[in-house]
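Knowing the structure of chain L, use the given hints to seat chain R on it.
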Amino acid sequence: MTMKSERLQVNKLELQGIRLACWCLILALFTVPSFARQQNAVRGQVTATDGSALAGVSVQVRGSGAGTVTDGEGNYTLQAGADAVLVFSYVGYSTQEIRVGTQATINVQLQTDLAALDEVVVVGYGTQRRTDLTGSVASISPTEFEEQPVSRVDQVLQGRATGVQVSNASGAPGSDARIRIRGANSVLGDNNPLYVVDGFVGVDFNTINPNDIESIQILKDAASTAIYGSRGANGVVIVTTKKGTRSGFNVTYSAQGSRSYLINRWDVLNAGEFADIANTRSDDMGISRIFTDQEVADFKQRGGTDWQDLVFRPAWGQQHQLTVSGGGEKTTYMVSGNYLNNDGIINNSGFKRYMFRSNINSNLTDDISIRVNATGSRTENSNTNLMSGTGNPVVQALSWAPTTSAYDADGGFTAADPVGSVMVSPVALMYDRANLNQGNFVNLIGGLNYHLPVEGLTLDLQYGVNYLNRQSQSYNGPVVSRNNPSASRSSAEDWTLQGTASLSYNRVFNEAHRVDAVAVFETQQFVTNNFSSTGNGLKFPSLEYYNLQLANSFAVGTGFSKWTLLSYLGRVNYAFRDKYLLSVAVRHDGSSKFGEGNKYSTFPTVGIGYNLAEETFIRDLNVFHSLKLRGSWGKTGSQAINPYATLSSYNTNAPVAFDNSGIASGIMLGNPGNPNLRWETTEQVDIGLEMSFFQGRLALEADYFNKNTTDLLLNQSLPAYVGGGSLTKNIGEVHNKGFEVALRGIILDSDDWNWTSNFNVSRVTNEVVSLGGIAPRIGQGTGVGAGMSTTNEFMLIPGYSLGSYWGLKYLGTWKPGQEADAAVFNAKPGDSRYEDINDDGEITTDDFQVIGRGIPATTAGWNNTVSYKSFTLNVFFQGVFGIDKLNYTRAAAMSGSGDARQYILSEIKDRYIPGVNETSDIPAFSATNVVYTQSSRFIEDGSYIRLKNLSLSYKLPTLNKLGISVFVSGTNLFTITDYKGIDPESSNIGSGTDTAQGIDYGAYPNSRTYTAGVNLSF
Amino acid sequence: MKGIKIMKRNLIWALGAAVIMVAGCKNYLDEDIRGGLLGAQALESQEGLEAALTGAYKGWANTWGYGFIHATGIAATMGGDDVTTHKASNKADFREFDQFAVPATNQRTQALYNGCYKAIQGANNIIANYQNTQGDAATIDAIVGEAYFIRAVSYYWLVRLYKDIPLIQQAEFSEDLLAIGKSGPEEVYNLIVGDLQKAEELVPNTKRDPGRPNKGTVKAYLADVYLTMAGWPLKQTDKYALAAAKAREVIENKDLYGFRLLDTYTELFENDPEKNGTAESVFQISTFMGVGSTNNANYGFSAMPGEEGGWDDFFAELNFFRDFPEGPRKDATFRTTFVKGDGSTISWEDSQTQHPYYYKYYQKDEVKNWASQIPESMMRYAHVLTIYAEAQARATGTPDDLAYECINAIRQRAELDLFENMSGPEFADAVVQERAWEFAAERTRWFDLVRLELVAEANSNKDANDLQPIGTLTEENYVFPLPFSETSANPNL
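Protein chains in written order, with the numbering used here: chain L, 1 to 1018; chain R, 10001 to 10493.
The shape of chain L in the complex, shown without the other chains (with noise of 0.2 Å):
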């Protein structure tokens, strides 16, 4: 008792400290007597050339190292003399020059320049000039995806930087994308990168509208990433929205249509060959004919059931926006309006957006600004989740015989298909079953920036607030719950508090020793509150959810979870002559997930670089117009402990029936819990080399890098004789390492036309270090295979990469003249062989082996923009190479056996038969012959490259300042692959974990689709 006050007291005491202590900074910082000002005050703005705002631009005056950053409405102000020339100088735009005479305000407008060298990039807490970077850091600017179909952040990452691997695995509109950046880390944790918007930490990118980006970048090693700590190790995207333009008034609308078709086609049986070959089936088998000669003919004659035209369709789709800019002397605004509505491919799917963002900037005095960015939005999705495995309509359109009709004599679904599936039909499965999720999401950020009267100082405080309402409902029809119709609602709300002060100091000192410095103290808060009520025996199903008190059951459930961080960080960049190049930082983290003692984790790192263009041995060559060394080495960590972990809790969920009329809720034990826990720790090098020829129309940057996870979580599987589940502990170690390439060139660039080519390649390579010696092997199961897997479809090896998937290597099938091997495994010629790797007879799954890696090696893209006087061509190729997919669509629809019981593909024609066609793979029907859809006769290479868009824009001349430009563009046109399923990308599991991916069962594909837009902007 008396031990527990003490440390009561002291943790009041240091906490006192911290709060007096930032009171002083604070007091401290208005009582600082101001310089003696012997120069002029110089202020302006600075413009792209369409007007809008430039936040971030580096203004320098030659020679003198002082220099400030324009804010958010493109504002600055520092003091220069009548001699001074400012250096204005910003990503993506060409350096400008100005003496700035007599002049107190200087509004500069910058030139768009592809190859500018001396572009600033926004990295964690600050902006730094790409040329004093030491981290690599890719950028990525609207022009890049102006004109193209792109609605979310992950469409514009995909392809278009190095070292960012961007999959749909889901091609329903609004859903989720898998989003690396250079490979993956964790085992149980989220791999996602961290995403930071206008300084808000953790972001859903979802929640993020592409056309309010003014600039990307993507922090990728520990010299960028370690500022977030441990919360950097994945990566981070750092998104700066719009602001509005001091002067004008600004309105651009855009819209657009389009149109959206299935890629591909699995090629199935009709309905007279499907009832010959179950027939044929039957006769090899043993067991009676399924049909009679007569329902033969019948078939042949009159058709049967496409159920993949029942299943797809092709689908409309819309967006809208609408953006006001401008401002006045003081303030600035920026509004925005989007609205989306996608239809998916798939029947009685689609999605719709809604979203609003005001970016409101004004400044108070000469030194004092302020800012709200307020964004809002809602998301509608509708059955865009498909359900996996068998309760999954594109699985069950390959499964339910195509003689059985969708429909009944009464016009209701076919309840129950007496040949082929035995789960519900795929009509059912979309029209009497709803799975509706609605997000609602406000995005508060307030903050002040107060230049200090010490020059270079600048004081920022954001306060930050994040509310996600997620709404769902879903309804199971009388048809697809077999008469035990039932519906669920459910709601959750997610908030998230952000406090940040920051301290940044900017200056140069001698012309020689450029110094940037910032101070960081932060604070975030989350809070997780659900509920969910579901009622079973729905007395009026066509009320579906929204009558759920009439229903003969119910079943609900709350939950609560909080957590909190605590941080302080701090970063020096150091410059000399711009050519040394120096940076540390450090980032201290607490978390209340840890157990007292193990709360606080330590993050830092050094970078390094050497600007060698600055050399004149360098320059007299002749040869590069920049080149630049660059090294980093930093530690970060990875948020992959659940709040709670630390303690062992009860499963609440365990309901039993002690007679006919309900049931009683019980408790069962859960995992037990770990004290020791920490958190996972990367530890990154990277070595990246930069450089430039012909004035800059042609870069390269190249990374190196080479990340050690440590203290890896890993769930030790505990056996079911201590009640099972699993014990989280810090004991396996992952290693990712690889290489990045970027080269872009300007081709052409005369005065009517211009071409500029970005190629990108990066390639990773994933290896599981140790399991801590809890089990030589630890599988990894997904859910997604239930009917279909012998045991877990992957397994994590040492030596292995993450994702490796598990199973028999097939071998074909046995041929004639192999009878007496063939049986010694119970099997005869045209029967599945499998490798008996431990020679003893049986296939078991001790003859398991790793036969198959989900995790892509390698990814490109390559993007093209051509224009010819006021047309635009742009070509974007994106591929990805070295991935095996497990393709259960198929092996479900070609085993005959499990859910599916028939062979649907018309693949099976060329199966083999005894005396006819004995060189085939494809088994043949055999009472003998066993089929493991786990097998390497399923893996399939995933590999493809794909024109991911081909767009042509055209801009009409302007007519009273009314400037129009219309465009048409076509995504996803072709894709050269030998995946046999409908879409390589496309996957059945989550973007969140790595261990098991790629797995294909009924997939939502992704869609070709068609655009056309009109863009007015006055």
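Quick caveat, the hints were computed from the structure, so don't treat them as lab data. Values in this document were obtained by computation on a predicted structure and should not be read as measured data. For every residue, glycine included, the Cβ atom is placed at its ideal position computed from N, Cα and C. Possibly wrong hints are sitting among the right ones.
[What the hints assert, rightly or not] Residues on chain R that point at chain L, a partial pick, calculated with CB under 8 Å:
1) 10039
2) 10105
3) 10121
4) 10350
5) 10352
Then chain R, alone, in the frame of chain L:
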């Protein structure tokens, strides 16, 4: 100007204060556990102890996951001559049992194994903590008694299926448990008997709910355990007398415990979901269709043929069906014609699998649904009668009047000739055969074959159109390998 300055200062103060205040909150990094249920204090109230008991039963009754309310129990006992499965289709896990080639990765053995140990963990938690529970003493006694019953019956299933098993009596996890070895059947049976004896004292005479045991239930299980201990592998033949005595206690107090033999076999397998089982039920696991129907519902389609929309999980072996004595019991046991989706009818001989099915598992009115809320019968009063008959005859060498009375009650209901004037061994063997008919597909036959070492004999006479055993049947085939998940987690097993 002054105004702006004041405003500016206020603004900075306000924002600065906001940022600092958040951190200034006392114990900002403390974990907020208001939503979690943690530790042994959860069991300090009677309600908490009752909830933990409910959770312990969950191990036996998780529709898709584990326990008894699906065809897993049938699969594990498919080595009996009463049931078989589909020759092709997706029934490999069932076939492996029917053909005596069960690998460690068989999913069905896993489902029973996991469920029993989950129930044991829950029971252990109650047994370890009930002393600190505040509440009504009689209720707490009943809860603790049921916990002992759950642990005993779970271990009884495990020891019969696997023989040598890990024996766990603590609820709290500790790393040492990951290296323990197996315990032999003698040690396990001793725990089972001890637990049932404790339960016998604590459990009340009347079932608290239809899905719970009463004192009679516990005694009946104890009788069944003794009967098994008298056979393979322990062969403690002195236990026949104990089995007969315990069964006799139940029979003599059947009114007290509310047990009776129903008048007709048809009534017994009426399978009306509106009824809470029958008076013949000594123990049942109740089921319920509502509340996430995947949670507490019993399986519906397992016993139905594909022609009737069923799953073909299990059906009758051909010679077993042919030898089955004619009468109302046979009629109520088997389904021999199937009504197809189009309304036409075919006989079992013309069906796809060419086997008769178990009508006793059809829902009332032949409702076709994957799920049902028919209670899963675990032991009927008829069992108790046969236990007494067999054990008494084997213990003394001569069946007494009560033994004849017991078996003839069952035969009379089946409209068969009554037994009379038989020798002890002859009588006992006839009772065992009678159990095969009476409890066809009720997971009884297999255990009879094992304890009496009749497995090879019973499987020697299979119809050519039934699945045949792979290899020679020996003692090795009496039990199954521990699931792969266990031996891989603990190499000492």
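Hint check:
With its C-beta approaching chain L no nearer than about 7 Å, residue 10039/R sits inside the 8 Å limit, and its interface hint holds. The interface hint given for residue 10105/R is met, as the beta carbon of that residue sits about 5 Å from the closest beta carbon of chain L, less than 8 Å. The beta carbon of residue 10121/R comes within 4 Å of a beta carbon in chain L, closer than 8 Å, and the hint placing it at the interface holds. With a least beta-carbon distance of about 6 Å to chain L, the hint placing residue 10350/R at the interface is held under the 8 Å criterion.
About 5 Å separates the beta-carbon of residue 10352/R from the nearest beta-carbon of chain L, less than 8 Å, and the hint is met.
Violated hints are absent here; each numbered hint is respected by the structure.
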